[in-house]
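Could you build the full structure based on these sequences and the hints that come with them?
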Amino acid sequence: MLVATEIHRHFEGLHAVDGVSIEVPAGQITGLIGPNGAGKSTFLAVLAGTLPATSGSITFDGRGITRLPAYARARLGLVRTFQLPSEFAQLTVLENLLVAAPNNRGDSLFGALRGKGYWIKDERRLVEQARALLKRFGMSAKESDYAGTMSGGQKRLIEIMRALMLGPRVLLLDEPMSGVHPKIIEEIQRYLQDLRKEGLTILMVEHELHMVERLCDSVVVMAQGKVIGSGTMASLRRQPEIVDAYLVG
Amino acid sequence: MNTFYAANLLIYAGIDIIACLALNLQFGVSGIVNFSFIVFQSVGAYTAAVLSMPPDTANFGFQHYIGGYELPFPIPWIGAVVAGGLLAVPVGLVVLRKLRSDYQAIALLVLSVIANTVITNADKFLGGAGGISLVPSPVGDRITPRTEPYEYFYIGITAVCVAVAFLVVNRVVNSPYGRSLRAMREREIAAAAIGKNPVQLKMTIFIVGGMIAGLSGAILVGYINVWGPTVWLYPETIILFAAIIVGGRGNNIGAILGALLVPVGFEEVTRLINSNGTLANFGPPGLLSALQWVAIGLLILGFLWFRPQGVRPEPRRVFEGGPE
Amino acid sequence: MNLFIAAFGFGLVSMSVIAIAAVGFTMQFGITNMINLAYGGVMISSAYVAYYLNKAGVSVWIGMAAGALFGSVFSFLLNRFIYAPFMRKGTAHLGMVIVSLAVSLMIANLLLPIVGYYPVSYQEDTGGLIHLGPIALTRDQFIVIGVAIVLMLAIHALLTYTRLGKAMRATAANPTLARNCGIPTNRVIDAVWLITGALCGMAGVVAALNAGTFVIDNGAAFLITILAAAVLGGAGQPYGAMIGAVIIGLMTELSAAAWSPQYKEVVAFGVLVLVMVLRPQGLLAKRGALAAAG
Chain A
4 MLVATEIHRH FEGLHAVDGV SIEVPAGQIT GLIGPNGAGK STFLAVLAGT
54 LPATSGSITF DGRGITRLPA YARARLGLVR TFQLPSEFAQ LTVLENLLVA
104 APNNRGDSLF GALRGKGYWI KDERRLVEQA RALLKRFGMS AKESDYAGTM
154 SGGQKRLIEI MRALMLGPRV LLLDEPMSGV HPKIIEEIQR YLQDLRKEGL
204 TILMVEHELH MVERLCDSVV VMAQGKVIGS GTMASLRRQP EIVDAYLVG
Chain B
79 MNTFYAANLL IYAGIDIIAC LALNLQFGVS GIVNFSFIVF QSVGAYTAAV
129 LSMPPDTANF GFQHYIGGYE LPFPIPWIGA VVAGGLLAVP VGLVVLRKLR
179 SDYQAIALLV LSVIANTVIT NADKFLGGAG GISLVPSPVG DRITPRTEPY
229 EYFYIGITAV CVAVAFLVVN RVVNSPYGRS LRAMREREIA AAAIGKNPVQ
279 LKMTIFIVGG MIAGLSGAIL VGYINVWGPT VWLYPETIIL FAAIIVGGRG
329 NNIGAILGAL LVPVGFEEVT RLINSNGTLA NFGPPGLLSA LQWVAIGLLI
379 LGFLWFRPQG VRPEPRRVFE GGPE
Chain C
978 MNLFIAAFGF GLVSMSVIAI AAVGFTMQFG ITNMINLAYG GVMISSAYVA
1028 YYLNKAGVSV WIGMAAGALF GSVFSFLLNR FIYAPFMRKG TAHLGMVIVS
1078 LAVSLMIANL LLPIVGYYPV SYQEDTGGLI HLGPIALTRD QFIVIGVAIV
1128 LMLAIHALLT YTRLGKAMRA TAANPTLARN CGIPTNRVID AVWLITGALC
1178 GMAGVVAALN AGTFVIDNGA AFLITILAAA VLGGAGQPYG AMIGAVIIGL
1228 MTELSAAAWS PQYKEVVAFG VLVLVMVLRP QGLLAKRGAL AAAG
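Residue numbers (my numbering), protein chains in the order written: chain A, 4 to 252; chain B, 79 to 402; chain C, 978 to 1271.
Just so you know, not all the hints are guaranteed correct.
What the hints assert, rightly or not - Some chain A residues near chain B, calculated using beta-carbon distances under 7 Å:
#1 Ala-77
#2 Val-102
#3 Gly-109
Claimed, not checked - Dumping the calculated EDC-like pairs for lysine to aspartate or glutamate here, alpha-carbon to alpha-carbon at most 20 Å:
#4 C:Lys-1066 <-> C:Asp-1194
#5 C:Lys-1066 <-> B:Glu-264
#6 A:Lys-145 <-> B:Glu-398
#7 B:Lys-176 <-> A:Glu-15
#8 A:Lys-200 <-> A:Asp-220
#9 A:Lys-124 <-> B:Glu-398
#10 A:Lys-200 <-> A:Glu-189
#11 A:Lys-186 <-> A:Glu-201
#12 A:Lys-145 <-> B:Asp-219
#13 A:Lys-119 <-> A:Glu-131
#14 A:Lys-119 <-> B:Glu-398
#15 A:Lys-138 <-> B:Glu-398
#16 A:Lys-138 <-> A:Glu-189
For the record, the hints were derived by calculation from the structure and aren't laboratory data.
For glycine and all other residues, C-beta sits at the position ideal for the given N, C-alpha and C.
Next up, the structure:
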């Protein structure tokens, strides 16, 4: 589904990503693990288009997207979340979700100029969709609060929900569970697994190895900008170099 | 209070409101720090002027400018709107693409200074340093300018323009499109990650804002019948920024409020001082005008420190049918 | 041909003046992340300080030292009481630009009632023309070039050999890391404002001296040239600013000889635009215009 070939990312003399090639299979949850500074988040950013690759190529569902800017990739269905909180602070929680939804007739200059009557139906439909998501993740009460006032875990949730509003085909998640309440984590996991059954592809950077074990069909291990192993968690545990480099327990 | 004073007040208020609505759209809602805003108002004024004036050989040819097509109202004003939008294209393409926002701001500020320098020195283009005068009043051949009926007429067309500008800006800001703009303002990278094209959004708003700014210039030049580089120095943009910061960013009511408090207030105080003999001669020449500018600076700093959201903050959007 | 040789000579003086100013400006940006639009205002204020001393009979060169001292203290206070508090409050880059713009407006207008509209100049014997090969400049102009060279060497020495200089470079590269390594970043920043403020003040006097007559508006106009040099060389890079100053100094003088002296700033602006379109990070790229943090 998502294929990265020999991705390099150099910046100011630092080789954050040093020749990474991976294939993210469709309809599966793939984990991306590795020690701090391995280049995981940078690699994710390159996949998403937030950072340009210094060299290498990326294809998405057979289509080359290496030169495509981030917003275009998002519109194709390749959506990312961020490691640091990236909510829209001065928009309400509900607005954070609404703004991500495509297919809103009011989301263009001429659509807006035609007045409320033109887009209110789309808007109402999307509000319902967003509210359903909020309810599922237990944030209904906060819908009219400014996203900037939410806690770290709540901001994390908002980002995930925001990504889901786009109807993505591939989700690139950067430590989605960090700081989130354990009950909600379960809910997120369940939701992701449901989506996986419906065909969603996920690449997830995570530190919590138990979660990775539970959720991910396969795992890629990075260290110092390179891939040092891939496969199931079980098979990786049997490789001493990997265990030495990273896995503890 | 006589009609002319009231008319002057209302018309200037209308012009300032239109300008502030446009700047708020660019800066308050979309986060584009357009320090060259005054250039767009000015291009509208110059365009309306050269479209409505006779060829520059008229009046003994004492001034030189391009154009001179003697077109009747409202064509010059439409031309002004178009000019404002057209200018936004090359400027936007150069400045709004790859640069981070404070560089963009600097580039636009420098543009404002340079544009003024160039027009001042290019004598034959738009009147040079002396500017252009004897700009005809719109419909001046049917209603005699400088009479009460004309003042009422001009208040009327200004009001219509304010209404149109408000309608446009209001529809843009209070729509899903406006929401996308605000998201881009808040965090551009995250906005791109959810499918918003920041360059396209910024260019669009730059053009729309430029068009509205051009309109405000046309209204102004039609009223004061003169225009020149000293009218549109870069600090004029700063007054409008002060207005947005004071009135309240990101919302149209705040922009209107700011327009009434700052530029109108500034102009009224200037008028008051100049009409009062003792005040006008207080201190060395230009002292009071300079102090007014200091006050503007203090106003900006004060509000940015104590109340950055402005007198009327951006309203929180609440949707009906939500939880209690 | 002679015209161009003469222009080249003027270019040498020009680049000297610009270099002193641009290095200070770019260091302020590089180390404190502050685009100080009030820089021009401080420059012209320092020029006026030297002017009043000069009127009282003091030589221009002592006036230059006084200007440097004034610029140093003024810039330090500016940061201590306005810029730093706003930054601590969490004001974004953009907000700080607006703050510095407001400050520059206030400086210009507080100065105006004191110094008035009319152009003034320093009273002193510029000495005759000294010929160095095909180039003919006054003694003062040669001194200006000399001062610039000395200052550039001093800055180089500061940054390379002194502890303070190294602390400055560390703070510029990564302030949080620098602080965590025990560098007293607040004191480093104070030192930066004192030193660059001195450069600013000196540049103001030297620019005024070179211009012959000066008036308050010169501050804003000169700022554009400084911006162009700083951005061309790579924002925050002192050596880049020196290179930028050389290029801009030459270009503006040569273009003034080829076309018209009135358009000097326009040339600088043109360079600025070209740089921003083609290579926003400037010549000596590092952190700069493309940084994602807006």
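Outcome of the hint check:
1. The interface hint given for Ala-77 (chain A) holds, since its Cβ lies 4 Å from the closest Cβ of chain B, which is under the 7 Å cut-off.
2. For Val-102 (chain A), the interface hint holds, the least distance from its beta-carbon to any beta-carbon of chain B being 5 Å, beneath 7 Å.
3. With a cut of 7 Å, the hint placing Gly-109 (chain A) at the interface with chain B holds, because the nearest CB-to-CB distance is about 4 Å.
4. A threshold of 20 Å between alpha carbons decides the hint, and for Lys-1066 (chain C) with Asp-1194 (chain C) the separation of about 32 Å lies outside it, so the pair is violated.
5. In summary, the hint linking Lys-1066 (chain C) to Glu-264 (chain B) is supported, as the alpha carbons are separated by about 18 Å, within the 20 Å threshold.
6. For the hint linking Lys-145 (chain A) to Glu-398 (chain B), the alpha-carbon distance of about 14 Å falls within 20 Å, and the restraint holds.
7. Pair hint Lys-176 (chain B) plus Glu-15 (chain A) holds up; C-alpha atoms about 18 Å apart against a cutoff of 20 Å.
8. Restraint check for Lys-200 (chain A) and Asp-220 (chain A): satisfied, since their Cα atoms lie roughly 12 Å apart, inside the 20 Å limit.
9. In summary, the hint linking Lys-124 (chain A) to Glu-398 (chain B) is supported, as the alpha carbons are separated by about 14 Å, within the 20 Å threshold.
10. Restraint check for Lys-200 (chain A) and Glu-189 (chain A): the C-alpha separation of about 17 Å stays at or below 20 Å, so the hint holds.
11. Distance hint between Lys-186 (chain A) and Glu-201 (chain A) is unfulfilled; the C-alpha atoms sit about 23 Å from each other, more than 20 Å.
12. Only pairs whose Cα atoms come within 20 Å are accepted, and Lys-145 (chain A) paired with Asp-219 (chain B) is rejected, the gap being roughly 62 Å.
13. For the hint pairing Lys-119 (chain A) with Glu-131 (chain A), the CA-to-CA distance comes to about 18 Å; that is within 20 Å, so the pair holds.
14. Restraint check for Lys-119 (chain A) and Glu-398 (chain B): satisfied, since their Cα atoms lie roughly 15 Å apart, inside the 20 Å limit.
15. With a C-alpha separation of about 16 Å, the suggested pairing of Lys-138 (chain A) with Glu-398 (chain B) holds against the 20 Å cut-off.
16. As the CA atoms of Lys-138 (chain A) and Glu-189 (chain A) are separated by approximately 15 Å, the hinted pair is consistent with the 20 Å bound.
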